[in-house]
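Visitor: Protein sequences appear in the order of chains Y and L. With the working numbering applied, the first sequence has no gaps in its numbers, which climb one by one up to 242 at the end. With the working numbering applied, the second sequence has no gaps in its numbers, which climb one by one up to 242 at the end.
One or more hints might be untrue.
Pairs count within a copy or across copies, as identical chains cannot be separated in the list.
Unchecked claim - With a Cα cut of at most 20 Å, we get these calculated EDC-like pairs of lysine to aspartate or glutamate: (1) K24 x D13; (2) K40 x D27; (3) K198 x D180; (4) K233 x D96; (5) K233 x E58; (6) K24 x D73; (7) K233 x D97; (8) K46 x E69; (9) K141 x E165; (10) K65 x E99.
To be clear, the hints were calculated from the coordinates, so they are not data collected in a lab.
Protein chains: 2
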Amino acid sequence: MIYVIGIGPGGFDEITPRAFEIMKSCDVIAGYTVYVELIKKYFPEKIFYISGMRAERERCLMALKFSREHNYDVALISSGDAGVYGMAGLMLELADDEEVKIIPGITAANSCAAVLGAPLMNDYVIISLSDLLTEWDVIEKRLICACEGDFVICIYNPASNHRPEHFKRACEIIRRYKPDTTPAGYVRNIGREDEEAKVTTLGEIINCNIDMLCTVIIGNSQSCILNGKFITKRGYNNILPS
Amino acid sequence: MIYVIGIGPGGFDEITPRAFEIMKSCDVIAGYTVYVELIKKYFPEKIFYISGMRAERERCLMALKFSREHNYDVALISSGDAGVYGMAGLMLELADDEEVKIIPGITAANSCAAVLGAPLMNDYVIISLSDLLTEWDVIEKRLICACEGDFVICIYNPASNHRPEHFKRACEIIRRYKPDTTPAGYVRNIGREDEEAKVTTLGEIINCNIDMLCTVIIGNSQSCILNGKFITKRGYNNILPS
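Here chain Y stands alone, though its shape is the one from the complex:
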């Protein structure tokens, strides 16, 4: 049996008891180096299978091998939610008749939003700027549609060493539709010791140091900054009885 598990933003206290108990019950814990390091100390007895970035396919095939050849239960872990740009989809694609269960975790959009305030109270999109698996034209089209629909926009993978300009390019597109005063914010290293956050505006965030460790949220027409918090109004204050 293979479990694909989201371990949340990074802190041990944000792993659900459901995810924890399943990891405890498994024989093997497999995942990207950084994530396995985060949880290793809680499970000293396990077999760990660690692999690097871009080794996702090989990691899934190893999980299958452990399960099929050794009859091991395998926990394949992702940070955040394994079903959001994580390992869940690929594992299900490769699993064939092997049983696979997905265990959700808190994804970066939600943990980032909680640090900044409440920017996701209204309809929102999640867009990854990584063009490793999606063509840039598609990403650009999606940014435009997100603006036209007045969605709050949450950006995953805003930049990397190989594509430092992606985030600025995305901002330039968004600025054609949303005013520079639109609230925006980012969190770097969410849930880790060196977490760092900033609430600012669309006009300013383009000059911030946004790297691959950041999650970014850009507001919609209902967003505001109040006492340093980034909030998107849902409307309660206006139309519900007081």
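With chain Y held as given, fit chain L onto it using these hints.
Guide: Just chain L now, kept in the frame of chain Y:
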């Protein structure tokens, strides 16, 4: 001090230890009747403040009163994530100089996706069909933009007794852009004992009994159904080295 806490989909084992410890440390737990009932038995010593639907504003004002007048620590709870159509935004709007901290939880999009397979592996939108606080014209425009951007669409509040036709109307809009064979699915009562899920297609889901207890996901051009699971491909299988 006021904490606005997301308790996840409903099962006790999907409340993060962080959320649990904060509830344990608070004097008062406040929330919508159903959610407070879910967690009441774990905290027999607390003061509970329970109120009904649409009493959100009054609930926030009571939390403020408890904190200001009695110096109580208050846990204001929402199901799922409090920052997604939950209590976080309104509480921050009303808080003024009172300290408010948002504690994230697993939102319905992620718990629904995990039950259905891995439909959110590619860029997606979350849209609520409730027109209580957003005009229907805006909702319709957002559905169209979501289709034009080839996003996976996750629908919250698909219907209620007051608006049983909303879901069908939304499907009719989406069907103008996406083929009837597009994978789709829903989960009713996620994480509860009577959880019920179905993987189907856009053409069929319009005839399913979708009510206010359901979360719905409709795929994009990269979605497929494989061994009964709803998966949106991210591309790994095609372009990463095997």
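Visitor: It remains to establish, for every hint, whether it holds in the given structure.
Guide: We went through each hint and held it up to the structure:
1. K24 x D13: For K24 and D13, both the intra-copy (15 Å) and inter-copy (14 Å) Cα distances are at most 20 Å.
2. K40 x D27: Within one copy only: 13 Å inside a chain, 35 Å across chains, cut-off 20 Å.
3. K198 x D180: Classified as within; 16 Å inside a copy, 43 Å across copies.
4. K233 x D96: between (45 Å within a copy, 15 Å between copies)
5. K233 x E58: between (44 Å within a copy, 17 Å between copies)
6. K24 x D73: within (10 Å within a copy, 34 Å between copies)
7. K233 x D97: Between copies only: 18 Å across, 46 Å inside.
8. K46 x E69: The answer is within: 17 Å in one copy meets 20 Å, while 51 Å across copies does not.
9. K141 x E165: within (17 Å within a copy, 31 Å between copies)
10. K65 x E99: within (13 Å within a copy, 51 Å between copies)
When each numbered hint is compared with the structure, no violation occurs for any of them.
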